[in-house]
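There are 6 protein chains.
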Amino acid sequence: MSSSFSEQLHNLGLNKMRPSGRQPDQMREIRITRNFTRHAEGSVLVEFGDTKVICTATVDRGVPRFLRGSGSGWVTAEYGMLPRATNSRSDREAARGKQTGRTIEIQRLIGRSLRAALDLKKLGENTITIDCDVIQADGGTRTASITGACVALMDAINVLKQDKNGAMKGNPVKQMIAAVSVGIYKGEAVLDLDYPEDSDAETDMNVIMTESGGFIEVQGTAEGAPYTQDELNAMLTLARKGIDELVVLQKQALAE
Amino acid sequence: MSSSFSEQLHNLGLNKMRPSGRQPDQMREIRITRNFTRHAEGSVLVEFGDTKVICTATVDRGVPRFLRGSGSGWVTAEYGMLPRATNSRSDREAARGKQTGRTIEIQRLIGRSLRAALDLKKLGENTITIDCDVIQADGGTRTASITGACVALMDAINVLKQDKNGAMKGNPVKQMIAAVSVGIYKGEAVLDLDYPEDSDAETDMNVIMTESGGFIEVQGTAEGAPYTQDELNAMLTLARKGIDELVVLQKQALAE
Amino acid sequence: MSSSFSEQLHNLGLNKMRPSGRQPDQMREIRITRNFTRHAEGSVLVEFGDTKVICTATVDRGVPRFLRGSGSGWVTAEYGMLPRATNSRSDREAARGKQTGRTIEIQRLIGRSLRAALDLKKLGENTITIDCDVIQADGGTRTASITGACVALMDAINVLKQDKNGAMKGNPVKQMIAAVSVGIYKGEAVLDLDYPEDSDAETDMNVIMTESGGFIEVQGTAEGAPYTQDELNAMLTLARKGIDELVVLQKQALAE
Amino acid sequence: MSSSFSEQLHNLGLNKMRPSGRQPDQMREIRITRNFTRHAEGSVLVEFGDTKVICTATVDRGVPRFLRGSGSGWVTAEYGMLPRATNSRSDREAARGKQTGRTIEIQRLIGRSLRAALDLKKLGENTITIDCDVIQADGGTRTASITGACVALMDAINVLKQDKNGAMKGNPVKQMIAAVSVGIYKGEAVLDLDYPEDSDAETDMNVIMTESGGFIEVQGTAEGAPYTQDELNAMLTLARKGIDELVVLQKQALAE
Amino acid sequence: MSSSFSEQLHNLGLNKMRPSGRQPDQMREIRITRNFTRHAEGSVLVEFGDTKVICTATVDRGVPRFLRGSGSGWVTAEYGMLPRATNSRSDREAARGKQTGRTIEIQRLIGRSLRAALDLKKLGENTITIDCDVIQADGGTRTASITGACVALMDAINVLKQDKNGAMKGNPVKQMIAAVSVGIYKGEAVLDLDYPEDSDAETDMNVIMTESGGFIEVQGTAEGAPYTQDELNAMLTLARKGIDELVVLQKQALAE
Amino acid sequence: MSSSFSEQLHNLGLNKMRPSGRQPDQMREIRITRNFTRHAEGSVLVEFGDTKVICTATVDRGVPRFLRGSGSGWVTAEYGMLPRATNSRSDREAARGKQTGRTIEIQRLIGRSLRAALDLKKLGENTITIDCDVIQADGGTRTASITGACVALMDAINVLKQDKNGAMKGNPVKQMIAAVSVGIYKGEAVLDLDYPEDSDAETDMNVIMTESGGFIEVQGTAEGAPYTQDELNAMLTLARKGIDELVVLQKQALAE
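Listed in order, the protein sequences are those of chains A, B, C, D, E and F. Positions 1 to 256 (UniProt numbering) are the ones given, in order, by the first sequence. Positions 1 to 256 (UniProt numbering) are the ones given, in order, by the second sequence. Positions 1 to 256 (UniProt numbering) are the ones given, in order, by the third sequence. Positions 1 to 256 (UniProt numbering) are the ones given, in order, by the fourth sequence. Positions 1 to 256 (UniProt numbering) are the ones given, in order, by the fifth sequence. Positions 1 to 256 (UniProt numbering) are the ones given, in order, by the sixth sequence.
Source of the hints: derived by calculation from the structure; they are not laboratory data. Where a beta carbon is used, it is the ideal one built from N, C-alpha and C, also for glycine. Check the hints yourself; a few may be wrong.
Said to hold, decoys possible - Chain A regions said to be covered by chain B (calculated; three or more residues, Cβ under 8 Å):
{"#": "1", "region": "49-56"}
{"#": "2", "region": "124-134"}
{"#": "3", "region": "140-150"}
Unchecked claim - For each label pair, taking beta carbons as the anchor points, the in silico distance ranges come out as:
{"#": "4", "chain 1": "F", "residue 1": "LYS121", "chain 2": "D", "residue 2": "MET17", "range": "34 to 42 Å"}
{"#": "5", "chain 1": "F", "residue 1": "PRO19", "chain 2": "D", "residue 2": "THR237", "range": "52 to 60 Å"}
{"#": "6", "chain 1": "D", "residue 1": "ASP91", "chain 2": "F", "residue 2": "THR33", "range": "34 to 42 Å"}
{"#": "7", "chain 1": "D", "residue 1": "GLN252", "chain 2": "A", "residue 2": "THR228", "range": "25 to 33 Å"}
{"#": "8", "chain 1": "E", "residue 1": "THR100", "chain 2": "C", "residue 2": "GLY213", "range": "43 to 51 Å"}
{"#": "9", "chain 1": "B", "residue 1": "ASP119", "chain 2": "C", "residue 2": "GLY213", "range": "48 to 56 Å"}
{"#": "10", "chain 1": "E", "residue 1": "LYS186", "chain 2": "F", "residue 2": "ALA167", "range": "31 to 39 Å"}
{"#": "11", "chain 1": "B", "residue 1": "GLY170", "chain 2": "F", "residue 2": "GLY101", "range": "50 to 58 Å"}
{"#": "12", "chain 1": "A", "residue 1": "ARG38", "chain 2": "C", "residue 2": "THR33", "range": "52 to 60 Å"}
{"#": "13", "chain 1": "F", "residue 1": "LYS121", "chain 2": "C", "residue 2": "MET168", "range": "35 to 43 Å"}
{"#": "14", "chain 1": "F", "residue 1": "PRO19", "chain 2": "E", "residue 2": "GLY69", "range": "37 to 45 Å"}
{"#": "15", "chain 1": "D", "residue 1": "LEU254", "chain 2": "E", "residue 2": "GLY69", "range": "40 to 48 Å"}
{"#": "16", "chain 1": "E", "residue 1": "THR33", "chain 2": "B", "residue 2": "GLY170", "range": "28 to 36 Å"}
To be verified - Calculated cross-link-like contacts (lysine-lysine; reagent style DSS-like; alpha-carbon spacing at most 27 Å):
{"#": "17", "chain 1": "A", "residue 1": "LYS122", "chain 2": "D", "residue 2": "LYS122"}
{"#": "18", "chain 1": "F", "residue 1": "LYS122", "chain 2": "F", "residue 2": "LYS186"}
{"#": "19", "chain 1": "E", "residue 1": "LYS121", "chain 2": "F", "residue 2": "LYS186"}
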């Protein structure tokens, strides 16, 4: 089904399968707003439909202890969600005194993925800290975070490039990365799940890829029944389509 | 000096005292945006110049243990700041596992102030939780938080009013409250300090008042030299002017 | 009403308003005992009626990281209450693993106030740590703490003065400070609230002043109805009277 | 290369690629010892070569709050490593007061995977807690844990079956699951990575599958360069081979 | 050597062995002050020379979960030290967020010992919480705590006896207990070690006994060389003498 | 009663007093397995009957801050129990975020005891960390831990001896130590209590001794009635017998 035809169907309200009426291979409306707040070296508001995340990138001289003297830089990430980003209020992690397992899992994924975008040797002994704070959640916060954070990271790298004393050794950017969720929903592979789909999907998979189509991370979990190799392949095909669209939008944002 | 004349001077760029060029009795531009995020019963983005805070109000049935069976409701508040809301990144409290003393002090002030806006008996056994999350800081985050949170609180009350089973006993709103900072800066009383003033002020005072001019809380701290009764009075006069302006803006926002 | 006449009334048992039978402007019996324990550089037992606080001052060479190399000293404070200092036992904070918000608020206030008593530049790179531990509570523990701690601080400064290697640069003491609570109780302004008044007051205000009458900190909270400018002024007048009496007692204690 | 030929090569010591001399598709020696300790309802020592994990399953009546009254059971997992299970001693998490992000990530994976082995409805309102404690680590502790824990889980289910009051509603076991790691090491897909391979692999993937070949979870991370679809497929093929072998061994152990 | 002769020597200043000039079998001056603070059911200041501890006993209806419905009561203890009770300031445990191992060890010992003084069945389902807070330390804080806490416990029991609804089943007091330290110091067994002895002793032993001479707890640690059976016996003989003296003083205090 | 006769009785099943049928002076079967895991400098599985503990010793260069530059080494210990080492599962301390008081007490005892086995001066500025992890518990875990840890410690010392740069100053081993529990059970002194005895004993005593019969630590607690001097002596006599047997087994293990 050609994308333009599916859009026509969508406009006619004929697609019944997805709660949003989207076609299986149709992403939500994506917006990437740079310079969203003014203090950070990179600051991006990323929106995947109703999912909204503020991604900032902070540059600090120096690296964690395990890298000192190695000449190599570091990228690390932290993730949070405003307590009322969700439909019912969740506890404030700072007040509980503890990040949830989900938070820790997500921020490790974000950091790991972004490190794959850079040649850390060329970054020099600088640390870039990514903060992804979800102000409104509607599914896919981790993939939105990675997609937006990659843009904030590029802005931070540009700040470092301008810095004579920044000690970078050439351009550390290997490639753009982006992330999208795919899943099996009501027996069909769908792209970019929103919350109603996410909470009801049989399988939920997060795919992080480079702009040239290499896999950085694939995480697919059967929530209900196990999934087959064919389903896996169908999801990866959708993911690749979504990543391609996201990289175009990231580049447009960076060109502005 | 009449306010309109000071505004003329300001427009001419003649005021040299304040870093922003504002007159001593001139507030920053204030914006109050309701329904900023979609899940909470009340959700407000409040802006005092470059200080931007998301204030949400969440309604829950039931009250903390110490009020059960009392027939009385409760309002509580939590406060946070995105790590890069400020010029240099501060630690994420959720990751440190601990809120700072400053955070705790502020959220206690917000909760205490908002409870003064309501007749908790009329609220019935409902709890309203206020979350104030600073996404960009430029001084005065606690007063902006209280001012915005009061609007979010009104929206939440309205949701409760609509709820047949909400068990409210009449309108619990006693009055609007608002908050503003005043201080002694370079020897002169000034209204609504921004960050450059705040970090350099001799005295910093936060004033929370009702729309009818009663004091809810006055907190004035000499950062450098002690302040006199005259200086205290000058600051309170400015505060009253600021509060009046804020209440007008709160009501305008609520009327939209 | 002259103070001596109110004292006569008090002696006749005619004042009915306050639970203790005190006149509105009458403080509790105040006692300041120096050298209460033997290890600390300054150790004071301060009693405001039945409120009893051990205040110690500890001198350490060196300053926190943010002051290193600045030539400036530091004063910090910690506050605690024995679990059974109060009528019903409260949890031991060390066992809970967390100080309460109230504790944190109070110890920040104590530290801030005492720093105002000194010229930190003249203190040199020394840190004075104040510990205020309430062994019996009957209202006003924070104001008693500050008043007693100021005396312990003076003793610690004297120890430093004797120390040839202490690196002080002249006398860092700018002035004595003292603290007292005032409030609106049954519609009337009263001085030095005890626990029965405190838990029932419409407004509760803590005032920290210098011996020469400058304000260090004013914190006034409406517990019930908002308070007016006139009530604020009446409370501040009482506070000034109380502070004057406290400073006399502090100086007597230091002269012994 | 046929598997039997690669085994011949291996026996001849001719394979040079893997540090252990194993063929690319050759697992380490696997041992599954039931009833390893005596108190737990299920207790298994699982060994993947030098990786040794004690997996116990504990049955408790009742379920977490979010499931009460649902008629559904629950399976949860916790993971730990003795401090000196590894080459250099790691901090004891109990002493640090905090589980690492890695630990949390792993125990969430174990719990999620095992829940997929059961029909939780049929389990009734019982909770099975899996503890996986690594006493010696040489790579692949999470896949060994899941493989061993599934056996301990079956033993615990058998205990429940014997229990007249256990409130199970039929046999909750849907299928055996097992887990194995695969990766790209020196450009080639390999099965069941040991520590020297794991720390040096370009890509590391954990695959959890059912005995009938359905995917429960796929987690593949590019540590160095991104991986291609072909590499992904090669890894999944190896994983399926490993899972088949593991399920045979699990069933043999259970038949003893 | 008769005790009166050793006292004569002591008065003549002839004993050279102990830093304090005390005879080997001579305790420090002991004082037990009841009703030291006014809120607790039992409140005792106990002084072993310069070691001063406030011991309070709090009565609560009900027992911890593991005793509910058993008809049996409970006694538990918490221990703390003011930060500057010692020669150099120690961290405030409430601020560190954690009790030290030493504190935990001591409070477990206190609770265990006091439970031995009572018939918990007769106590009924009441809990008595003992708080021992050291305000000045000079060695032997745990033995002073137990000795003082036993007196506070008796006062609390008396409060319960008066309470018609207290649900005690007869007198729960089996016997007085007291505690004293003994040690091997410079090769000789000594009674009631003060801090200079304690920090230099070869062996340090805490002995808790009943008034009739039964052992409740013996804890003897070789700090330097191992100790012999003869040394153990010599220490226990001294301990018995000290306990006898302490029980007399406890009873005198209770008789006042 | 001669040991061989009591063994005959035991074989005849005639001893009725102890649940295990052991004679009062009979230890459980003891096994000490060296090199139990492969990474640690010393790794021992110690078994006292059904109590099984993995003891590892880790050597690190350097010492804690308070010893730096002293030329002296350090030995410290940590203790843990797998959650299902016991009959009912206990919380995982790492997940609770806190070690229990019991754990802390035990690990302090282990560390203190092992330090007594060495001349820390001769150890040089090295730290040996002992980890005792109970994989199956049946009473006496702390005494088994000390006994096994002493063997692991000897192995670690031997590794250090081999190390040219280890900076030891001669042989730091002063003597073997071992530990055993004794108690009063059903009115009789018994050696090496197992769990059924331990939970029912009137008195429980842990004794740590050197191979030459010196006391390192004696900890005896009356669980029910106080114990007498005679009972204390009877227990110490049994302990000495047990220690003698344990030291023989330790030496056998080390000779293998």
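Check your understanding: Against the structure shown, which of the earlier numbered hints fail to hold, in ascending order?
Key -> 3, 4, 6, 9, 14, 16, 17, 18
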